[in-house]
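*Asks:* Single-letter residue listing:
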Amino acid sequence: MSKINSIADLKKKRDELQGGLGSRVNDTSNAVHVKVAMATCGIASGAKNVMEFFSEQLERRNIAAVVTQTGCMGYCYAEPTIEVKLPGQDPVVFGFVDLKRADQIIEKYVKTGELVDGIIPVNYQTIDLNV
Amino acid sequence: MSHIKIELRKEDVDFIKGVCATFNNDPQELINVLHTCQEHFGYLPAEVQEVVSDGLNMPVAKIYGVVTFYSFFTMTPKGKHPISICLGTACYVRGAEKVLDEFKKELGIQVGESTKDNKFSLSSLRCVGACGLAPVVLVGDKTYGRVAPDDVKNILKEYEN
Amino acid sequence: MSKYSTHLLVCGGTSCHSSESDAIVCNLRDELEAKGLMDSVQVILTGCFGFCEKGPIVKVMPDNTVYVQVKPEDAQAIVEEHIIKGRKVTRLLLKDPVSKEPVSDPNKMDFFKKQLRIVLRNCGFINPENIDEYIAREGYKALGKVLTEMTSEQVIKEVKDSGQRGRGGAGFSTGLKWELARKNQSDEKYVVCNADEGDPGAFMDRSVLEGDPHSVLEAMVICGYSIGASNGLIYIRAEYPLAIERLKIAIKQAREYGLLGKNILGTGFNFDITLRYGAGAFVCGEETALIHSMEGLRGEPTVKPPFPAESGYRNHPTNVNNVETFAAIPAIILKGAKWFSSIGTGKSKGTKVFALAGKINNVGLIEVPMGTTLREVIFEIGGGIRNGKKFKGIQTGGPSGGCLSEKHLDIPIDFDNLIAAGSIMGSGAMIILDEDDCMVSMAKFFLQFTVEESCGKCAPCRIGNKRLHELLGQICEGKGSIEDLDRLRNMSVVIKDTALCGLGQTSPNPVLSMMDNYYDEYVAHVKDKKCPAGQCKSLMEYVVNPENCVGCTACARVCPVNAISGERKEVHHIDPSICIKCGACMEKCKFDAIFIR
Amino acid sequence: METIKLTIDNKEIDVPKGTTIYKAAKELGIDIPTLCYMELHDMNIENKPAGCRICVAEVSGRRTLAPTCSTKCEPGMVVKTHTPRVLNARRTVMEFILSDHPKDCLVCSKSGTCELQAMAHRLGIKDIPGAEYAAVSTYRKDTSPSIIRDLDKCIMCRRCEMMCNEVQTVGAISAVNRGFMATVAPAFEQNLEYSTCTYCGQCVSVCPTGALTEVNHVPQVLRALVDPTKTVVVQTAPAVRAALGEEFGLAPGTLVTGKMTAALRALGFDYVFDTDFAADLTIMEEGTELLDRLSRHLKGDKTAKMPILTSCCPGWVNFFEEYFPDLKDVPSTAKSPQQMFGAIAKTYFADKIGINRKDMVVVSIMPCLAKKYECQRNEFSVDGNPDVDFSISTRELASFIKQANIDLNTLHDEDFDAPLGESTGAGVIFGTTGGVIEAACRTAYELYTGKKLKRLEFTELRGMEGVRSATIDFDGLPLNIGIAHGLGNARKLLDDVRAGKSQFHAIEVMACPGGCIGGGGQPLHHGNSEIIMARAAAIYTEDRKKPLRKSHENPFIIKLYNEFLGKPGSEKAHHLLHTHYFDKKKKIIIKK
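Protein chains in written order, with this note's numbering: chain S, 1 to 131; chain B, 132 to 292; chain Z, 293 to 889; chain X, 890 to 1481.
In short, the hints are calculated from the structure, not lab data. Hints should not be assumed to be uniformly reliable.
Here are the simulated distance ranges between beta carbons [unchecked claim]:
| no. | chain 1 | residue 1 | chain 2 | residue 2 | range |
| --- | --- | --- | --- | --- | --- |
| 1 | X | Ala1020 | Z | Asn562 | 39 to 47 Å |
| 2 | Z | Gly826 | B | Glu244 | 29 to 37 Å |
| 3 | B | His171 | Z | Glu769 | 41 to 49 Å |
| 4 | Z | Asn782 | X | Lys992 | 17 to 25 Å |
Just so it is clear, the structure is predicted and the values come from calculations on it, not from any experiment. Beta carbons are placed, not taken as given, at the ideal position from N, Cα and C, and that holds for glycine.
Assemble the whole structure, with the sequences as input and the hints as a guide.
*Replies:* Encoded structure:
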């Protein structure tokens, strides 16, 4: 990693990166994005296995996808929770994701867009710092 | 005077001295030193504290005072599979005490004790911050969530061999 | 692409489940089948939408219509009217509380947007182990702004104007604290992040550190710039290995980018952060105790003043804030004091993260603007009480807080309102209790915690809390008298009044608030020797109902202490002086003939 | 100086900035009660953990009651020290403290001098509610050669911890455990015997309760006194006469040498002697050693270790054996006066009166608790028979006198017996800080220069500062003297010696602040330096009243050398009057 030596550097870096991260939000790529909540609660409920499952299986099933970890989404009661974003669509959060449901999510939601049980309606607003 | 010394091996002493040295032999780093030693030895027997006292050039009484102040530090070795039951409020109201009782019954030991074969030791702790999974039980590094008294037998079974 | 054009999402949260959402799903599917729509409309159960007081909820996608208090028999109307005819079923729409007009779009229904994530803005969104994702989310922009465009006075003014108060418990103005630390001259100063979250039931700090560690690092550098410090320390619980790991990664990455260390962003400002580990002492959340702990000592608090801002870590001016306080700072800098202070109530600005736990459906982490009511938190966001039980109380602020009852549900949550109600904000733990929880036992449980966590330095906390705990034990065992309730109160008041630090001064809060709000229950324990919640074993009596007892002897055979007598085919009797209240007989009885009195 | 105006109990007062409410109230004559607070004026040390919470008061603008011992006055403050709220709080907290305290006042060794007992009385405590089911924190009892620890009676005032760690830097004890079980104890809650304790007894002298007391040897002494086969000899240390009167209601600083002698005789001691005699003897030996080392040093002899350190204080000896074993060859090898006395009594004097040493019991009256340990050290006995059998403290003697129905105040003055009761003023001043070295200078000067001293009183060596230094002109040879009292101060000088930075030729060290007059066995002074000063003044008065004030002029000392020892430093003197030191650092300490 190279140092960020000035505020201009930082801004440049951010603009570059927003392309990358933004793609997960702004539909600039055709990949499926799966985020697994990997905080203590999630991991304790098996999120690690779920994440491995998605990484492996999406590749094995030839689905262009990016699987990343993230922090706590707040739905501790429904761990493990994951967020799946299909290209061009709003992200959907699934709770109680065990391997069986993970498989269902790939087979139904990811492949066909058909929703499966366990959706958690997102009930919060997040601020945007880009002002 | 009946001074009975339990010998630490030389490499143990060197290890402790080394730890002290990495923290510049600074008494203010005592807690970090103790953390590192406990991680290494599993507990902090008096002998280890003696060597730390020497390494940090501070009274061993002060070190003992610190060790006995913090619940994270222990002077008794834990079992091979240390079992901790969270008794934080969230776990408590969801019945953690009954789970603890079940462990006591199954293992035949009280909190703070180890089984005769030193396989399991039992402790309670305050909130691991996984309240969504209450009641929570830790066995070693593994976390079990939503544990009911009926699950206890099965959990112990996992560690049978 | 999906073969379905329309989705019907039926709330399957635990609370709605009990109110027949399964039946709704069945009926909807039957209706769709009957109309031949099974291939284009999908019905699925979802997690809780919140707003359970109006549940069950059915949401129609993609047009985002929300129906509330849906009954199984409404399935027909939804399919026929909405799906087939494209007309909304007005009677199932939520009525706006003011205009009484029906609303259908959830974006206009503020109950879905009760939560506002400022502190948690990146949690569950970015990969916490990748600094790039933080930077892409405007990370370190606030630091850049501060270092290049603002003087330290301006930063402090901004923070002061934002009205943010410390989220660690006491609610002291963050800006004012920074100002005090800035004013004290010293060539060495320290910024300390208090991450010793010891409050059982609170896990917001852990979540922030695990989900968005850079927000804390960034804020600490900003604080360092403002008060003139170049050293930062994070005092973190050793029980949080994942948070420690992620912090280590974050610090390493920030150093590699030059966002920590020497000459940050080429501005000549130096600041670095190291970790210090706690070792399992709740009292170390108190800032003087925390500082002593970082100095390798027993974590005993000392009298303030002197405040850490004058003489803290290694006797240098030190500013201590907690994780949540820091995490909001970059947002305040970027979006401005005005924006932040527009959220919240008169004297409590911004949002607060709460950890919901206990007998609530949606155990989880929420962030709401100050001023949200307890009712909204519990019944709209938290999904109501588990297993359809009745709400009894909510303990806010952990063992230092108080238990609020039904009558407090509509108070807007902020620092001052909670204190006025006899509790505190504390770190933001909320433990929800239901009808099965005994308020004497609960007070005893909290006291047990304080007794174990008291450092032992001052007499009222060391001994007084022990005595409170013992007296509560006496009451639970039916050995209390009505005079003991006065003693309980007097001891509590004196401990509050005389203890050295915040831990001791707040430890009687559960007793006092529970006595205030559930006095009858206390009286029942001492006067009638009864535990209305049926929790106190000593006050329970297992009794045989002669009308149901057939004299099968099953109970007598299972009783481990031979407390049950009675001839075959005759009514049995339990001797209360022998009975150990194990409950085995009641479990065994097939005729419901044994009950608890 | 900036002053602050405030109101306490409706009275206005101006105090310097930084003054605590407690002290401001004191100025107004308001005596706020406290259990943990203690001020050591001279050492500039205050013990204010603010832990007892008895000293609380109502302060305007504060939500909770303020601990006045550690709350500073602020302009316009309005303080109320005895409102119903305050009194109720004080009483309730006191009830808490008492509820976790044994109720054995009648038979407690601190009964009558216990601050907790006095406070219970003062606050009007009549009842301890809930005592029938209240748990009491209990700990293992521990008896060491000098000190008894009964931590059930500890109220966590932390005074002992402060004395041991901050004043004495011994670090034998620390606060341990947490919450209800918190107390102050050695490492691993082991016995003091296995700790680094020096038995200086300063912890005992500040303990407000019966948690820390001295080992009581009065019963053994009593048994010896009634044993017809035993000849019982008693020696009294110089500091005792300056403080014993306090136990009988006399003003601090009242000398009771004659009454004390009479009382001892009344108690039945066969010979009432004076440790001061042995102090003179110490000067002869130590002074000779000093001159010997000094002259070798001046000749460039590298084996002559400088500076010479005094060795008459057993707490101090324990301290350097524990912390500076590498310097164990530096202190003088001369035994302490107590032990020199014992050695001479059981040889020279026993011979003189024609009895076997086994039939003689030597008792010492000491201001000190470490002396109890010292007389039990193996090297100070012959075939298991100790040179000094029992050492009892000033406090124990007072109690003994009272038990024997003796009214000290009405006794007529009596003189010590000869020959071991005769002493010079030099022997007397051993009892205060600076005294040993002053006595040594009086003798060394005259022996070294062969000239008579014009001015006997080396006032430059006197005072109460923790570390002092002076240069004495030995007829052209400037002799650099260092003085430390309190082991923390001693440590500073020792660190310099270890680092080779010390410029001193001789250093006097006393373990207790003030020297022996502030010893751990003296009547409790609660840190009040005025009492210490009065005792010091009494010591110097006794010195002035003595016809002889230089050790080498003591005719009985001269006679002792002539008849028995030969000359100072002789082989016989070495055998009887000198000792050697041990490296105690290596001891470790795990008892399974």
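*Asks:* So, for every hint listed, does it hold in this structure?
*Replies:* Here's how the hints hold up against the structure:
1. X:Ala1020 with Z:Asn562: 39 to 47 Å: About 60 Å separates the Cβ atoms of alanine 1020 (chain X) and asparagine 562 (chain Z), which means 39 to 47 Å is violated.
2. Z:Gly826 with B:Glu244: 29 to 37 Å: holds, 32 Å
3. B:His171 with Z:Glu769: 41 to 49 Å: Check passed, 45 Å falls within 41 to 49 Å.
4. Z:Asn782 with X:Lys992: 17 to 25 Å: holds, 22 Å
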